[in-house]
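Single-letter residue listing:
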Amino acid sequence: MAKHQTPLLDQLESGPWPSFVSDLKQEAEARAKNERNIEYQIPQDVVEDLMGVLELSYKDGTTHWKHGGIVGVFGYGGGVIGRYCDQPEQFPGVAHFHTMRVNQPAGKFYTTKYLKELCDLWEFRGSGLTNMHGSTGDIIFLGTTTPQLEEIFYELTHKHNQDLGGSGSNLRTPSDCIGQARCEYACYDTQALCHYLTNEYQDELHRPAFPYKFKFKFDGCPNCCVASIARADLSFVGTWRDEIQIDQEAVKAYVAGEFPPNAGAHAGRDWGPFDIQKEVIDRCPTGCMRYEDGKLEINNRECTRCMHCINVMPRALKPGKDRGCSILAGAKAPILDGAQMGSLLVPFIKVEEPYDEIKEVIEAIWDWWMEEGKNRERLGELMKRQGFQKLLEVTNIKPVPQHVQEPRTNPYIFWKEEEVPGGFERDIKEFRKHHQR
Amino acid sequence: MAFISSGYDPKEPMKDRITDIGPRNYEEFYPPIIAKNKGKWAYHEILEPGVLVHVSETGDELYTVRVGGCRLMSVTHIREICEIADKYCDGYLRFTTRNNIEFMVDSKEKAEALKKDLESRKFPGGSFKFPIGGTGAGITNIIHTQGWIHCHTPATDASGPVKATLDVLFEHFQNMDLPAQVRVSLACCLNMCGAVHCSDIAILGYHRKPPMVEHEYIDKMCEIPLAIAACPTAAIKPKKVALEDGTEVKSVEVNHSRCMYCGNCYTMCPSMPLADKEGDGIVIMVGGKVSNRISAPKFSKVAVAYLPNNPPRWPEVTSTIKKIVDTYSKDARKYERLGEWAERIGWEKFFEKCGLEFTHHLIDDFRDPAYYTWRQTTQFKFTD
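Those sequence lines, one after another, are chains A and B.
Number 257 in numbering that gives the first Met the number 0 belongs to position 258 of the first sequence; there are no gaps in the numbering.
Number 349 in numbering that gives the first Met the number 0 belongs to position 350 of the second sequence; there are no gaps in the numbering.
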C-alpha cells in the first residue's frame with residue numbers, strides 16, 4: 000500500500016515512453032521490501048514522499064521546494080545543491096533533499112562494476128534516485144540529508160577514487176562528445192582534452208573564485224554533438240585546415256545506390272534515389288563542389304567545413320589530415336541580457352599535449368574576466384559590455400575578418416590615442432589661431 | 000536507522016580528506032574494442048532505427064544499440080541496465096549527450112539477441128523500459144530539467160511534460176521518417192538550463208504574474224541590491240515600507256508594467272516568490288540548432304506565447320508540438336532542419352501552415368536588438 004495516493008502521477012504510467020513514475024514506484028517498493036537488509040541512512044520512504052510532494056505540485060500547479068539551500072563539504076565551495084521541502088510535516092522523507100553532483104568520466108563510458116558500486120553507495124546513503132545525467136554532464140545523486148554529505152564524499156574519494164562536480168560561481172564540470180572513441184569525424188581527442196583540463200583546473204572547479212559560472216565543452220567536429228557552441232562559455236570545436244579526403248570509388252558507389260546517403264538516417268521514408276547534385280552539390284553553403292564525369296571536386300579554399308557533404312557520404316569523404324580545433328567564446332542562456340552562442344575567437348589551434356597554447360587562451364580570458372567581470376556577469380556579457388576588441392587584446396589575438404559575420408554598419412569607431420598622429424591632447428588656443436570664433 | 004560512519008571523523012574534518020582528484024579516467028571504462036580502434040574508425044551506418052555499426056580501419060565492427068532513458072532514474076533501473084550490459088556487452092555501456100543509453104557489442108548476432116531482450120522489458124504500467132531508437136532523421140530524447148521534482152524556481156514540471164510529449168512523438172523515436180533530426184528540449188523556467196534556446200522545438204516554463212514582495216523578511220533574507228541588479232528591465236527599485244505594526248523596513252517596489260516575470264529576482268531573493276497556478280504555463284519555441292551543417296547555429300524563436308499547465312499530460316502542449324512536427328514533416332525538404340524550413344518559407348507561412356495564432360507577444364521588444372527582428376523589407380507573402 001503506497002503511502003500517498005497519486006492519481007495524477009499514475010496517469011503517467013501508461014504510454015510507450017519509459018515512465019519515470021513506474022520507476023519511482025519500483026524504487027519505493029524496493030526500499031519498502033529492503034531485501035538486501037540495508038541500514039538506510041535516510042528515510043526508507045523517501046521516494047514515496049517525493050511522489051507525494053510531486054502529486055501535490057501536480058494538483059496545485061506550483062513547486063514545493065523552498066528557496067535555495069546552502070550545504071556542502073569542507074574544502075569545497077560547491078558540488079552540492081541544497082534543497083528543503085516546504086511541507087516537511089506532510090512529507091518528512093524529503094524534508095532534506097539535497098543533490099550531489101558527481102563528476103562523470105569523459106564520454107560517459109562506464110563499466111557495470113563502477114555503476115553498481117555507485118548504486119550501492121547511493122542506495123545506502125541517499126534516495127536511490129539519480130539523473131543520468133545532468134545537462135552539464137554530471138552524474139546527479141538526487142536527494143539526501145545534510146549529515147550524509149561528508150559521509151558520501153568520504154566514500155566517493157576513499158573507496159571509489161571519485162570526485163564531486165562543480166556548482167556555483169566557478170568552473171563547472173566540463174563535458175565532451177564521444178569523439179575519436181567511436182566517431183570517424185572527430186578532429187581531436189575530445190576525451191583527452193576534457194579530462195586533462197578538468198584535472199588541470201580542479202581548484203577552479205571546486206572553489207568558486209569567478210564572477211559567475213564558467214563552462215567548457217568539447218566537440219570533435221562542427222556537428223556539435225555536445226552543443227558546446229550554445230552551452231559553454233568556452234567551446235572547443237574540432238576542425239581541419241587542409242583538404243577533405245575524397246575516395247572517388249566510394250563516391251561512385253553512393254551515386255550507384257550501393258551506399259545509403261547519410262548512413263541511412265532517412266531510411267524511414269522514400270526520398271527517391273540518391274541524387275548527388277541535389278542532395279550534396281546544391282546544398283553546399285558555399286557552392287564549392289562539382290560533380291562531373293563521375294568525379295567529385297571540392298574547391299577546399301572556399302569550403303567552410305560545415306560537414307554536410309561528409310555527413311551525407313561518410314564512406315567517401317573524410318575531414319582533412321591537418322586537424323585542430325576552433326575556440327568560440329561567450330555562449331549563455333538569456334539571463335540577464337539575452338541568449339548568446341559562442342563567437343569565434345581562435346579560428347584554428349592545434350590540439351596537442353600538453354595543450355599549452357590552449358591553456359594560454361583560457362588563462363588570459365580568466366585573468367581579464369576575473370578582474371573586470373561584474374558580479375554575476377557571464378563572459379559573454381562582459382564581451383558585450385567591454386567589446387570583442389578587448390577580448391582580442393587580452394588574449395593577444397590579431398583581429399581577422401573571420402572574427403565577424405559582417406563588419407560594423409555604424410561609424411561609431413573608437414581609436415586608441417596612440418593610433419592617431421599627435422594624440423588627443425590639444426590646445427584650443429592653437430586651434431583658434433587658424434579659426435576665429 | 001542507525002547512523003553508520005564511512006570513516007569520516009566530524010571532530011577532525013580535514014583529517015584524511017582527499018580532494019581535487021577529479022573524475023575517473025575515461026580509459027578505465029572503454030570497451031576493449033573501443034580502446035583498440037579509437038581514432039581509427041573508417042565509417043558508420045545506421046542499420047535500422049536505434050542500431051548503428053561503426054567499422055574500423057582494422058576491420059573491426061562495433062554494433063551500438065541505443066535506447067531511450069528517462070534521465071531521472073532509480074538505482075534499481077541502473078542495476079537492470081548493468082545486468083543487460085553484463086549479459087551482452089562484457090560489462091560496458093555508455094550514456095549519450097541526450098541521456099539515451101548505448102549498449103555496444105562486436106557482432107550482428109549479439110546485437111539481435113540484445114535487441115530482442117531490450118524490447119521485451121516493460122514496466123508494470125506498460126511503458127517500455129528500454130525502447131530502441133533515437134537515431135537518424137527522427138525524434139530522439141528530450142533534454143530536460145528538474146521541474147517540480149527538485150527545483151525552487153520552475154514554472155512547470157519537467158519529467159511529466161517530457162513523458163507526455165515523448166508518448167505523443169514516440170513513433171518518430173522508433174522511426175527515421177522526418178526531413179532531418181528534430182531536437183526537442185524543455186526547461187522549466189527561463190534560466191534555460193539545457194538546450195531550450197537552441198533546439199528545433201523547445202518547451203519553456205513561464206510565469207505571467209510579477210513577484211510578490213514579502214516586506215517583513217526581504218531585508219533579513221536578501222541582499223537588496225542584488226535583487227535590483229537581477230532585473231533585466233529595471234522594474235525593481237529600493238523602497239522603505241511601513242509594516243502593519245508601524246515598523247519601517249527596507250524593501251523593494253516592483254513596477255508591474257515593466258516586469259516580464261522572468262523570475263530572476265526570486266533566484267536572488269527568497270522574499271520575492273512568483274509561482275502561480277493560473278499564471279504559470281508554457282511557451283513553445285522553435286527553429287534553433289547547434290550544428291554548423293549547411294546553415295549556422297540558430298536560436299529558437301517563440302512560436303506560442305502561452306499554453307496552460309495541465310498536469311498530468313499537458314494535452315495542449317503535446318498537441319501543439321505534434322501539429323508543428325507533422326507540418327514540418329510534410330512540407331520541409333530532405334536535410335532541412337525545422338529552423339531552416341521556417342526561414343526558407345518565411346515565418347508568416349510557418350504560422351499559416353502550422354495553424355498557430357500570431358499574437359503581439361511574439362514581437363521582440365527587448366532593447367536595441369529587437370529592431371533587427373522586425374521586417375525592413377517589402378518582401379513578404381500574403382496569408383489568409
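In case anyone wonders, no lab produced these hints; they're calculated from the structure.
Keep in mind that a hint or two might mislead.
30 Å max Cα-Cα, derived BS3-like pairs, lysine-lysine [what the hints assert, rightly or not]: (1) 277/A <-> 333/B; (2) 107/B <-> 37/B; (3) 333/B <-> 112/A.
The structure displayed is predicted, hence computed values, not measured ones.
>> Just to be careful, I want the Cα atoms of residue 333/B and residue 112/A compared with a cutoff of 30 Å; is the pair within it?
In response: Violated - the C-alpha atoms of residue 112/A and residue 333/B are around 43 Å apart, more than 30 Å.
> Does the structure keep residue 277/A and residue 333/B at a Cα separation of 30 Å or less?
Replying inline: holds, 10 Å
>> Between the alpha carbons of residue 107/B and residue 37/B, is the straight-line distance 30 Å or under?
In response: holds, 20 Å
Violation of the numbered hints given earlier is confined to hint 3; every other hint is satisfied by the structure.
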